[in-house]
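Note that the protein sequences, when read in sequence, are chains A and E.
Letter by letter, the first sequence follows residues 1 to 314 of full-length UniProt numbering.
Letter by letter, the second sequence follows residues 1 to 314 of full-length UniProt numbering.
Hints listed in this document are in silico derivations from the structure and should not be mistaken for laboratory results.
Treat the numbers as computed from the prediction; the structure is a model and nothing was measured.
Hints are supplied without guarantee of correctness; some may be wrong.
Identical chains share a label here; the pair holds if one copy fits it or two copies do between them.
[As the list claims (entries may be wrong)] Under the rule of at most 20 Å between Cα atoms (straight-line distance), these lysine to aspartate or glutamate pairs were calculated in the EDC-like manner:
| no. | residue 1 | residue 2 |
| --- | --- | --- |
| 1 | K214 | D277 |
| 2 | K188 | E241 |
| 3 | K41 | D25 |
| 4 | K314 | E212 |
| 5 | K269 | E204 |
| 6 | K188 | E110 |
| 7 | K21 | D56 |
| 8 | K115 | E38 |
| 9 | K115 | E88 |
| 10 | K91 | E120 |
So you can see what is in the structure, the chains are spelled out below.
2 protein chains.
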Amino acid sequence: MKIVIVGAGAMGCRFGLMLKKAGKDVTLIDSWDKQVEEISKNGINANYNGEEVHVDIPIYHQKAVDPSLKADLVIIFTKAMQLEQALEDTKSIVTDSTQVLCLMNGIGYEDILRKYFDGEHIIIGNTMWTAGLEGPGHPKLFGNGYVNMLNLGKSDKAVEGAQEVVKALDEGGLNAIYEKGIFFLIYKKICVNATMNGLCTILEANMADLGEAKASDHIVRNIVSEVVDVARAEGVEMNKEEMYQHVYECYNRETIGAHFPSMYQDLVKNNRLTEIDYINGAIAAKGEKLGIPTPYNHFLTALVHTKEQILGAK
Amino acid sequence: MKIVIVGAGAMGCRFGLMLKKAGKDVTLIDSWDKQVEEISKNGINANYNGEEVHVDIPIYHQKAVDPSLKADLVIIFTKAMQLEQALEDTKSIVTDSTQVLCLMNGIGYEDILRKYFDGEHIIIGNTMWTAGLEGPGHPKLFGNGYVNMLNLGKSDKAVEGAQEVVKALDEGGLNAIYEKGIFFLIYKKICVNATMNGLCTILEANMADLGEAKASDHIVRNIVSEVVDVARAEGVEMNKEEMYQHVYECYNRETIGAHFPSMYQDLVKNNRLTEIDYINGAIAAKGEKLGIPTPYNHFLTALVHTKEQILGAK
Numbered sequence: 001m002k003i004v005i006v007g008a009g010a011m012g013c014r015f016g017l018m019l020k021k022a023g024k025d026v027t028l029i030d031s032w033d034k035q036v037e038e039i040s041k042n043g044i045n046a047n048y049n050g051e052e053v054h055v056d057i058p059i060y061h062q063k064a065v066d067p068s069l070k071a072d073l074v075i076i077f078t079k080a081m082q083l084e085q086a087l088e089d090t091k092s093i094v095t096d097s098t099q100v101l102c103l104m105n106g107i108g109y110e111d112i113l114r115k116y117f118d119g120e121h122i123i124i125g126n127t128m129w130t131a132g133l134e135g136p137g138h139p140k141l142f143g144n145g146y147v148n149m150l151n152l153g154k155s156d157k158a159v160e161g162a163q164e165v166v167k168a169l170d171e172g173g174l175n176a177i178y179e180k181g182i183f184f185l186i187y188k189k190i191c192v193n194a195t196m197n198g199l200c201t202i203l204e205a206n207m208a209d210l211g212e213a214k215a216s217d218h219i220v221r222n223i224v225s226e227v228v229d230v231a232r233a234e235g236v237e238m239n240k241e242e243m244y245q246h247v248y249e250c251y252n253r254e255t256i257g258a259h260f261p262s263m264y265q266d267l268v269k270n271n272r273l274t275e276i277d278y279i280n281g282a283i284a285a286k287g288e289k290l291g292i293p294t295p296y297n298h299f300l301t302a303l304v305h306t307k308e309q310i311l312g313a314k
Numbered sequence: 001m002k003i004v005i006v007g008a009g010a011m012g013c014r015f016g017l018m019l020k021k022a023g024k025d026v027t028l029i030d031s032w033d034k035q036v037e038e039i040s041k042n043g044i045n046a047n048y049n050g051e052e053v054h055v056d057i058p059i060y061h062q063k064a065v066d067p068s069l070k071a072d073l074v075i076i077f078t079k080a081m082q083l084e085q086a087l088e089d090t091k092s093i094v095t096d097s098t099q100v101l102c103l104m105n106g107i108g109y110e111d112i113l114r115k116y117f118d119g120e121h122i123i124i125g126n127t128m129w130t131a132g133l134e135g136p137g138h139p140k141l142f143g144n145g146y147v148n149m150l151n152l153g154k155s156d157k158a159v160e161g162a163q164e165v166v167k168a169l170d171e172g173g174l175n176a177i178y179e180k181g182i183f184f185l186i187y188k189k190i191c192v193n194a195t196m197n198g199l200c201t202i203l204e205a206n207m208a209d210l211g212e213a214k215a216s217d218h219i220v221r222n223i224v225s226e227v228v229d230v231a232r233a234e235g236v237e238m239n240k241e242e243m244y245q246h247v248y249e250c251y252n253r254e255t256i257g258a259h260f261p262s263m264y265q266d267l268v269k270n271n272r273l274t275e276i277d278y279i280n281g282a283i284a285a286k287g288e289k290l291g292i293p294t295p296y297n298h299f300l301t302a303l304v305h306t307k308e309q310i311l312g313a314k
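Please put together the full structure from these sequences, using the hints given.
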């Protein structure tokens with residue numbers, strides 16, 4: 001199975017490294033010049049659970065992919081906003097039988113994926129693995145994780161294809177699980193991302209401070225309530241009260257409460273555009289299509305975009 | 001006509017000084033110790049359009065009002081959140097015939113006023129006069145302005161009473177106008193306050209920067225649209241497009257666009273609680289009563305309260 005990872009940032013490097021170490025045929029593609037240059041020259045040099053680990057993996061710049069490269073499986077780890085351009089730039093690697101696995105945060109990528117891949121070949125999931133980058137070619141990879149995934153298509157071929165991908169990733173030590181309840185898990189994660197990311201970014205607060213401000217509860221509940229309404233309309237069974245309680249777990253200062261979500265890091269610390277369109281914006285867009293009111297998700301999407309524009313984020 | 005001004009901050013001092021200079025019988029009441037002490041000892045010493053002006057006016061601390069003091073007219077200039085306590089502390093000045101004039105920013109004060117005054121004696125309005133304070137007893141009063149007002153009651157007595165108040169204020173040079181369209185003017189002002197105050201406070205931006213961020217338009221239009229829906233349900237004729245254009249005037253950098261609204265000053269600069277409950281909060285409360293959805297005003301109210309709580313505002 002020829003695996004091509006599109007988006008070789010921290011997570012792309014983790015998946016590449018683990019699969020390569022397990023003997024898989026892996027190629028990376030990225031759009032960051034320095035990353036491509038460093039990995040071409042020196043391979044990936046990772047701090048992997050405290051040990052220095054080196055692997056050589058072929059890598060192409062997204063704008064200069066070898067036209068003879070064809071993928072059996074594409075794993076996508078681009079930034080949300082860069083997905084469409086990355087797929088356009090790399091479309092020569094896709095054949096009639098290429099499968100695609102999308103584990104990116106957020107929702108609403110299916111419409112973009114369908115432009116480049118057969119719906120029976122799309123696999124959706126999420127992952128609890130984490131990864132950081134100390135510099136070009138130098139990921140820092142600590143702790144354990146797993147990957148949940150499910151084929152979007154309904155055919156036997158779609159099921160078999162996804163199960164082969166599960167097997168390949170599992171052989172790479174990635175703890176892959178074929179998960180029929182994947183949409184529940186995705187929407188459950190969205191409940192957290194749709195509240196903590198945008199609100200902590202707008203208020204420049206950590207999650208515990210946000211939760212301890214009693215007035216935030218009205219907003220948090222309305223956002224989560226809209227997410228659940230959309231999920232239900234898509235056939236996913238969810239309980240609102242259970243989701244509120246799930247979000248409240250973020251407020252615990254002893255565990256993750258003192259943490260600032262990644263969107264805060266992106267916009268406030270690094271002046272970068274956020275993934276809000278694939279979190280609250282995607283809920284608002286789905287709500288509009290389905291005739292479900294989602295004013296809180298709409299408002300927060302527009303508010304984060306307004307802050308991006310005021311700060312001149314790029 | 002015995003006039004008592006409850007809330008002798010910058011605006012209370014302006015009205016007190018102008019009415020007193022015109023020979024009216026004016027008494028001040030305030031809750032700020034230093035202001036009461038200074039004005040008791042040295043009177044008001046104002047920078048009045050560039051000239052030093054001195055007037056002596058009797059002043060009482062809100063907690064120590066002379067029990068024999070009775071008002072024909074009470075003019076209210078307290079902070080919104082302090083209104084009810086001020087009325088409770090000073091209720092001994094109110095007789096069966098006492099009129100009350102409320103020119104405070106925001107809406108929704110009527111319910112509080114009705115607890116202390118006969119509905120036929122309540123006069124509602126707004127003012128374009130401005131005022132600043134350089135220190136206790138030292139207001140800085142520049143420029144020109146006017147006052148619009150209308151009786152809430154429908155009786156002849158209510159009309160006559162309000163017209164007497166117009167006459168008294170006009171004699172004080174305050175350019176008072178008996179304005180039948182007062183509710184249109186109040187809601188028109190709310191359109192500006194409900195957008196600029198809360199959004200500039202949350203985003204820590206001036207009005208021009210807010211307006212130039214294109215994503216803000218979705219929020220601004222939805223907030224204004226809800227305000228107009230509520231106003232219409234209360235019988236006030238308003239045009240949405242006209243109100244959007246009115247709000248857009250705030251974005252002009254050549255006029256007022258570089259200005260940070262007062263709510264930003266209150267919360268971000270001075271760490272004080274805001275008047276959000278009497279602006280967006282009042283629209284949301286009226287919407288709930290009238291069965292009109294006001295999610296954008298609800299969200300912004302909760303967001304400002306959340307920021308107050310995170311910052312520990314007092």
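Comparing the hints with the structure gives:
With identical chains, the CA atoms of K214 and D277 are at most 20 Å apart between copies only, with a shortest distance of 15 Å across copies and 27 Å within one. Taking identical chains as interchangeable, the C-alpha atoms of K188 and E241 lie at most 20 Å apart only when both belong to the same chain, with a minimum of 12 Å there against 40 Å between chains. In this assembly of identical chains, K41 and D25 lie within 20 Å of each other by CA distance solely inside one copy; the values are 19 Å within and 89 Å between copies. Proximity of K314 to E212 under the C-alpha cut-off of 20 Å is restricted to the inter-copy arrangement: shortest distance 16 Å between copies versus 32 Å within a copy.
In this assembly of identical chains, K269 and E204 lie within 20 Å of each other by CA distance both inside one copy and across copies; the values are 10 Å within and 16 Å between. Proximity of K188 and E110 under a CA criterion of 20 Å is satisfied intra-copy only: 18 Å inside one chain copy versus 44 Å between copies. For a Cα distance limit of 20 Å, the shortest separation of K21 from D56 inside one copy, 10 Å, qualifies, whereas the shortest one across copies, 88 Å, does not. Neither within a single protomer nor between protomers do K115 and E38 lie at most 20 Å apart by alpha-carbon distance, with minima of 32 Å and 74 Å respectively.
With identical chains, the CA atoms of K115 and E88 are at most 20 Å apart within one copy only, with a shortest distance of 9 Å there and 67 Å across copies. For the homomeric pair K91 and E120, the shortest alpha-carbon distance inside one copy (17 Å) is at most 20 Å, but the shortest distance between copies (75 Å) is not.
In summary, the one numbered hint that this structure violates is 8.
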